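Chemist: Sequence:
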Amino acid sequence: MTGIEISEKYYRLYGEPMLRENFPELYPRIAAGVCGRGSENFGFDDEISRDHGFDPGFYIWLSKEDFKKYEFALSRAYDALPNELDGVKIIGSSVYETSPHGVREISSFFLSLTGFAPAPESNSEWLSLSQETLSCSVNGKIFYDGSGEITAIREKLSNMPRDVMLKKLAKNLVFAAQSGQYNYSRALLHGENGAAALALSEFAKNICGAAFLLNGKYCPFYKWMFASARSLPVLSEAAAISEKMLLDPLNKENKRRAETAAALIIEELKKQNLSDYPSEYLEPHAYEVMKKISDREIQRMHIME
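Counting in our numbering, the sequence shown runs without a single skipped number right up to 1040 at its last residue.
Calculated from the structure, these hints are not laboratory results. The reader is advised that the hints may include incorrect statements.
What the hints assert, rightly or not - Straight-line C-alpha distance at most 27 Å; calculated BS3-like pairs for lysine-lysine:
| hint | residue 1 | residue 2 |
| --- | --- | --- |
| 1 | K1027 | K952 |
| 2 | K891 | K1006 |
| 3 | K876 | K744 |
| 4 | K1027 | K979 |
| 5 | K952 | K891 |
| 6 | K1026 | K1006 |
| 7 | K891 | K1026 |
| 8 | K1006 | K979 |
| 9 | K940 | K952 |
| 10 | K940 | K958 |
| 11 | K952 | K987 |
| 12 | K940 | K1005 |
| 13 | K990 | K1006 |
| 14 | K824 | K744 |
| 15 | K1006 | K1027 |
| 16 | K990 | K979 |
| 17 | K1005 | K1027 |
| 18 | K1027 | K958 |
| 19 | K891 | K979 |
| 20 | K952 | K1005 |
| 21 | K1006 | K987 |
None of the values given here were measured: they were computed from a predicted structure.
Start from the sequences and build out the full structure, keeping to the hints where you can.
Modeler: Written as structure tokens, this is what we have:
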């Protein structure tokens, strides 16, 4: 049973009955679920993952007004729930913030994840957020959302403004070109095998970053980058190729593999009408993507910013 599954079971068995019975007037306005940092919120947890931060609890999200009025009583009621489910124990009391779960105010919760409360507004704010950060804001599962506020915030966070997406995509493309299609081979010619391996790491990170953006998704923390990429509707093969290169960094086939991964990205760029430039090198396609940006301030930014 994954962390999301055990948390939902705990909510259904204990949390929901408590909320309905003890807070009937509040229940229609609360939200409950799990999301945030940690493998359990991405569904990639296993027995190894339970050595830290693993908790079968859940979040109860409240508006600012309801948080002021109900936080103390609701936290006490949450802490009074059974401290174990299927042999997995609750980490600690939500009052002292030792548990990763418990009662939270909606805006402050998202502020803790992204630095914005509850979501970025301007393009410059969006540009400051990494895919990794955004992935932590829209993962997990909402078990119940009476007011619909959490769902609306997550929906907004899931839909990066197009100009911002294009800018981030262009950056991924140009770095993938320089690291995997250019610097990797040159590092090998110089006998700098360590630098070649680092070039492959940069290539994989940026190929995956581009692949996620072209799927309308966010690339998570590197630990789960490849695991998540395997389920992408398109370009999962490009990510898999970059992973294969990392596993054997000095393989003579890696130059060809880099070109294959790049070709898959270019093919998708053409399908999405983002570039029709006649080149097998990713960098000119990055500049074609930049031309699609409407926001003049973003368009004037350096492509590597």
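Chemist: Evaluate each hint against the coordinates.
Modeler: Now for the hints, and whether the structure bears them out:
For the hint linking K1027 to K952, the alpha-carbon distance of about 19 Å falls within 27 Å, and the restraint holds. This hinted pair checks out: K891 and K1006 have alpha carbons roughly 25 Å apart, not beyond 27 Å. For the hint pairing K876 with K744, the CA-to-CA distance comes to about 12 Å; that is within 27 Å, so the pair holds. A hinted pair counts as satisfied when its Cα atoms are at most 27 Å apart, and K1027 with K979 does not qualify at roughly 32 Å.
Annotation: proposed proximity of K952 to K891 holds, straight-line Cα distance about 13 Å (limit 27 Å). A hinted pair counts as satisfied when its Cα atoms are at most 27 Å apart, and K1026 with K1006 qualifies at roughly 17 Å. With a C-alpha separation of about 25 Å, the suggested pairing of K891 with K1026 holds against the 27 Å cut-off. The suggested pairing of K1006 with K979 holds, with an alpha-carbon distance near 25 Å, which does not exceed 27 Å.
Between K940 and K952 the alpha-carbon distance is near 15 Å, which keeps this suggested pair within the 27 Å criterion. Only pairs whose Cα atoms come within 27 Å are accepted, and K940 paired with K958 is accepted, the gap being roughly 11 Å. Taken as a hint, the K952 and K987 pair is broken in the structure, with Cα atoms around 32 Å apart against an allowance of 27 Å. The hinted pair formed by K940 and K1005 meets the criterion: a straight-line CA distance of about 21 Å does not exceed 27 Å.
Between K990 and K1006 the CA atoms are separated by roughly 25 Å; this keeps the pair inside 27 Å, and the hint holds. Distance hint between K824 and K744 is fulfilled; the C-alpha atoms sit about 14 Å from each other, no more than 27 Å. Proposed proximity of K1006 and K1027 is supported: the alpha carbons are some 14 Å apart, at most 27 Å. Between K990 and K979 the alpha-carbon distance is near 12 Å, which keeps this suggested pair within the 27 Å criterion.
Proposed proximity of K1005 and K1027 is supported: the alpha carbons are some 13 Å apart, at most 27 Å. For the hint pairing K1027 with K958, the CA-to-CA distance comes to about 32 Å; that exceeds 27 Å, so the pair is violated. For the hint linking K891 to K979, the alpha-carbon distance of about 35 Å lies beyond 27 Å, and the restraint is violated. Straight-line distance between C-alpha atoms of K952 and K1005 comes to about 19 Å, which keeps the hinted pair within the 27 Å bound.
Among the hinted pairs, K1006 with K987 is inconsistent with the structure: their alpha-carbon atoms are about 31 Å apart, more than 27 Å.
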